[in-house]
Structures are given as structure tokens and as C-alpha cells.
Amino acid sequence: MFDNIRSNTQGISNSHYDTAKQLKGTILPIFERLHTEIKNKQKELTKGAGKGSKLVDKARNTTQKHIELLGQHTAGYDSTGGKMSATEDPYVLQRGVMHRLNKQIQEENNNRQDLIAVQNSFAQFEAHVIAVVQQGWGSFNQVLAAQAEQTKAMYADMTMTTQSIAPDFEWNGFIHREEGILINPSAPARSISNISFPNQNHKATQPMIAGSLERKGKLLKKYDTNYYVVTPSKFLHEFKTDDDFAKDPTPEVSLYLPDCIVGACSGQKFNVKGKDVSKGKVGNTFSMSHEFAFKAHTPNDANQWWEIIRAAAGQTTNELPDSSSPNSPISPTESRQPAPLNTQNLAMEKETLHQTPSSAHPASATPASAISQPKSGIEGKPGAY
1 MFDNIRSNTQ GISNSHYDTA KQLKGTILPI FERLHTEIKN KQKELTKGAG KGSKLVDKAR
61 NTTQKHIELL GQHTAGYDST GGKMSATEDP YVLQRGVMHR LNKQIQEENN NRQDLIAVQN
121 SFAQFEAHVI AVVQQGWGSF NQVLAAQAEQ TKAMYADMTM TTQSIAPDFE WNGFIHREEG
181 ILINPSAPAR SISNISFPNQ NHKATQPMIA GSLERKGKLL KKYDTNYYVV TPSKFLHEFK
241 TDDDFAKDPT PEVSLYLPDC IVGACSGQKF NVKGKDVSKG KVGNTFSMSH EFAFKAHTPN
301 DANQWWEIIR AAAGQTTNEL PDSSSPNSPI SPTESRQPAP LNTQNLAMEK ETLHQTPSSA
361 HPASATPASA ISQPKSGIEG KPGAY
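Following our numbering, the residues of the sequence shown are numbered contiguously, the last one being 385.
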């Protein structure tokens with residue numbers, strides 16, 4: 001196009017001085033405005049696309065740091081025998097990696113959408129550039145229509161050449177030249193399910209058991225359901241949910257089982273006594289030991305949890321969890337039978353227990369306050385069965 005313009009205008013430039021003055025007043029402003037639009041579009045591309053790329057780089061650096069932290073503590077898991085703080089538990093660290101990796105992918109996909117939008121806007125802008133050029137040359141041809149036939153023919157030739165350019169000609173050429181840089185809009189977006197990272201699914205990150213349990217509150221004595229995990233590092237972690245993506249999966253409660261005492265399992269219930277170590281070094285210093293009352297959905301589930309927790313615990317007892325409220329009314333038709341003596345872990349007791357409880361007599365209709373205190377099933381331990 002420009003070669004054609006140059007060859008035609010060069011021969012008639014000296015005889016068209018007056019026409020040049022008219023062109024400067026009507027045609028030139030169109031192209032000056034177009035030139036300004038191109039500069040503004042360049043600034044828009046530099047500022048808009050660059051900002052999204054910085055956010056992606058920042059998210060990637062954050063993910064990489066947590067992956068390296070996971071690698072550090074999974075490597076230390078084997079050498080230290082799993083002795084570490086709750087915040088350094090590879091299970092928790094891996095969930096943190098998944099959370100930050102999800103944020104990184106969101107930033108990447110957002111940046112991708114921004115770049116696609118920029119590409120689409122540039123396609124429209126290129127068509128606009130061609131349209132403006134066509135408009136300018138059309139006006140240019142009208143100004144010169146009064147000139148000689150030869151001059152008219154030259155400018156008509158230039159106009160024909162300009163009008164023959166398709167609106168997407170330059171854009172298609174640009175895509176063909178830069179196909180290795182531009183994003184393919186038809187390509188699928190990234191998914192976290194297709195991504196792997198170092199030490200993913202390391203044995204230290206695989207829970208020994210995980211699922212929902214109910215825990216009795218300290219004040220209202222009401223059972224609330226939460227998500228619990230026993231990790232190979234011998235931590236019992238409590239989480240609000242098992243969702244790694246909604247928020248950073250930080251444990252609400254963490255019990256280091258080798259420092260805990262586990263009672264006997266009774267039906268769906270069992271108790272664990274220990275200190276919450278999820279608040280870091282400063283919080284752990286002032287943390288006090290509490291007894292946590294758990295309830296599973298079924299007795300079989302409770303036994304599975306209890307067996308795994310007992311194997312990791314530092315100490316076990318035969319103490320049974322409370323099965324009912326002390327002041328609950330007694331039906332005249334019901335009979336109360338004491339729980340059988342739990343003979344598990346007798347090797348850990350200081351003395352052997354020989355006495356077994358006798359069957360309780362059926363409860364009468366006498367008020368609860370008049371019922372005598374039942375005898376203990378274990379010598380020296382009143383109220384223990």
C-alpha cells in the first residue's frame with residue numbers, strides 16, 4: 001500500500017501545492033487522531049498486562065516457598081522420627097501448598113482472561129485502524145477529484161489499493177508471526193487436578209485416619225461436628241472442614257498423641273486428655289491440658305478411631321466416658337447394668353485387677369435422690385467400672 005502511494009504522489013507533488021494546503025486542514029487531523037489512539041493503546045497494553053503478570057509471579061513465588069518448606073519438613077520427618085511441631089506437620093504443610101497453588105492458578109487464569117480480552121480488543125482496534133485509514137484515503141480522494149484526470153487516476157489507484165486491505169489482514173498476520181507468544185483462546189484453562197509438585201503424597205502427608213467426629217464443647221456441653229485427622233507425625237488435628245481451597249486449612253486444635261492419655265472406648269464415645277499445641281510456641285506455653293470427649297457416628301467407627309489413637313498415645317487408661325447425665329430420671333422398667341471390666345492394656349497398669357462387678361439390681365420407682373451409691377467394680381477406685 002505505501003509503495004503505491006509513494007510512486008503516485010512523487011510524480012505530482014510539485015503541481016499540487018494548493019491541494020496540499022487543503023489536505024493539511026481536512027485529512028491530516030484524521031490520522032493525527034489515529035496516531036494518538038495508537039499511542040494510548042500502547043500505554044494501555046503496557047500497564048494492564050504487566051500488572052497481571054506481576055500478580056502471577058508473586059503467587060508463584062509464594063507457592064514455591066511453601067513447596068520448599070514442605071520438602072524441608074518431609075525430609076526431616078524420617079530423620080527425626082516424626083517429632084515436630086504442629087505447624088510443621090507435613091500434612092498441614094501440604095494442605096497449605098494446595099491452598100496457595102489454588103490461589104496461583106486463579107491468578108494465572110485471571111491473567112489469562114485479561115490477556116485474551118486484550119487480544120480481542122486489539123483485533124477490534126486493528127480493524128478500527130484499517131477503517132480510519134480507509135476513511136482518510138476516501139476523503140483524500142474527494143479533495144483531489146477536481147484535479148486533472150491523470151492526478152485523479154493516481155489518487156484513485158491509491159484509494160483502490162488501500163480499500164483492498166481486509167480489516168483483519170494485519171491482525172491475522174500478527175497472529176501468524178507471534179503464535180508462540182499469544183494465548184490460544186480455545187486451549188483449556190489450568191486445573192489443579194493436573195498439577196503435581198515435589199513431595200506430593202509423601203507418606204508423611206497421608207493421614208492414618210480422617211473423617212468427621214463429634215466433640216463435646218467445654219461450656220455448653222453440646223456436641224459439634226468437625227473434621228479430624230490422625231497424621232503419621234502422631235498429631236490429632238481438628239479442622240472446620242476438609243476443604244483445602246476456601247481458606248488456609250489451619251488446625252483449630254492439635255493434640256500431640258504421645259503426650260496424651262486415652263481412655264477406654266464405650267460404644268460411640270471415647271475421651272482423650274492432652275494439651276492443644278496448635279497455637280505456636282508462645283500459645284503452647286500457656287496452654288492447659290483438657291479432656292476432649294469424642295463421639296463417632298457408629299460404634300465401629302469409634303473403635304477404628306480409638307485403636308489408631310491408642311496406638312499413638314503416650315498412655316492409656318480403662319476409664320470409660322460418661323454415657324448419660326447424672327441427674328437423668330430412671331424408668332421403673334429399666335435396669336442399669338455396669339459396664340464390663342476393660343482388660344485391655346493391663347500391662348501398663350501398676351497392679352492386676354481381680355474383682356469383677358456384680359450385676360446391679362433393677363432400679364425401683366424410688367426417686368433418684370433416694371438411690372444408694374452403687375459399689376465400685378474396681379477396688380480403690382470408687383465409681384469406676
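Don't read these hints as lab results, they were simulated from the structure. Take these hints with a grain of salt, some might be off.
Said to hold, decoys possible - Simulated DEER-style distance windows between Cβ atoms:
1) I116 to S139: 17 to 27 Å
2) G217 to D242: 13 to 23 Å
3) I195 to G217: 34 to 44 Å
4) K39 to T9: 37 to 47 Å
5) Q106 to A131: 32 to 42 Å
6) R33 to E68: 15 to 25 Å
7) G180 to H128: 19 to 29 Å
8) N109 to K47: 15 to 25 Å
9) I38 to T9: 19 to 29 Å
10) G180 to G217: 56 to 66 Å
11) E68 to M288: 15 to 25 Å
12) K47 to A131: 21 to 31 Å
13) Q119 to D57: 19 to 29 Å
This one's a predicted model, so the numbers in the text were calculated from it and none came from an experiment. The C-beta atom is built at its ideal place from N, Cα and C for all residues, glycine as well.
Hint check:
Our hint of 17 to 27 Å for I116 and S139 is violated, since their Cβ atoms are close to 35 Å apart. The beta-carbon spacing between G217 and D242, approximately 21 Å, falls within the hinted interval of 13 to 23 Å. Roughly 39 Å separates the CB atoms of I195 and G217, a value that falls within the hinted 34 to 44 Å. About 26 Å separates the C-beta atoms of K39 and T9, a value inconsistent with the hinted range of 37 to 47 Å.
Between Q106 and A131 the CB atoms are about 37 Å apart, so this pair conforms to the stated range of 32 to 42 Å. Taken as a hint, the range 15 to 25 Å is violated for the pair R33 and E68, whose Cβ atoms sit roughly 53 Å apart. Distance hint check for G180 and H128: the Cβ-Cβ separation is about 26 Å, which falls inside the suggested range of 19 to 29 Å. Distance hint check: the CB atoms of N109 and K47 are about 21 Å apart, consistent with the given range 15 to 25 Å.
Taking the beta carbon of each, I38 and T9 are about 23 Å apart, inside 19 to 29 Å as hinted. For G180 and G217, the Cβ-Cβ distance of about 60 Å falls inside the hinted range of 56 to 66 Å, so the restraint holds. The hinted range of 15 to 25 Å is not satisfied by E68 and M288, whose Cβ atoms lie roughly 35 Å apart. Distance hint for K47 and A131: a CB-CB separation of about 26 Å, consistent with the stated range 21 to 31 Å.
Taking 19 to 29 Å as the suggested C-beta distance range, the pair Q119 and D57 conforms, at roughly 20 Å.
Checked against the numbered hints given earlier, the structure breaks hints 1, 4, 6 and 11 and satisfies all the rest.
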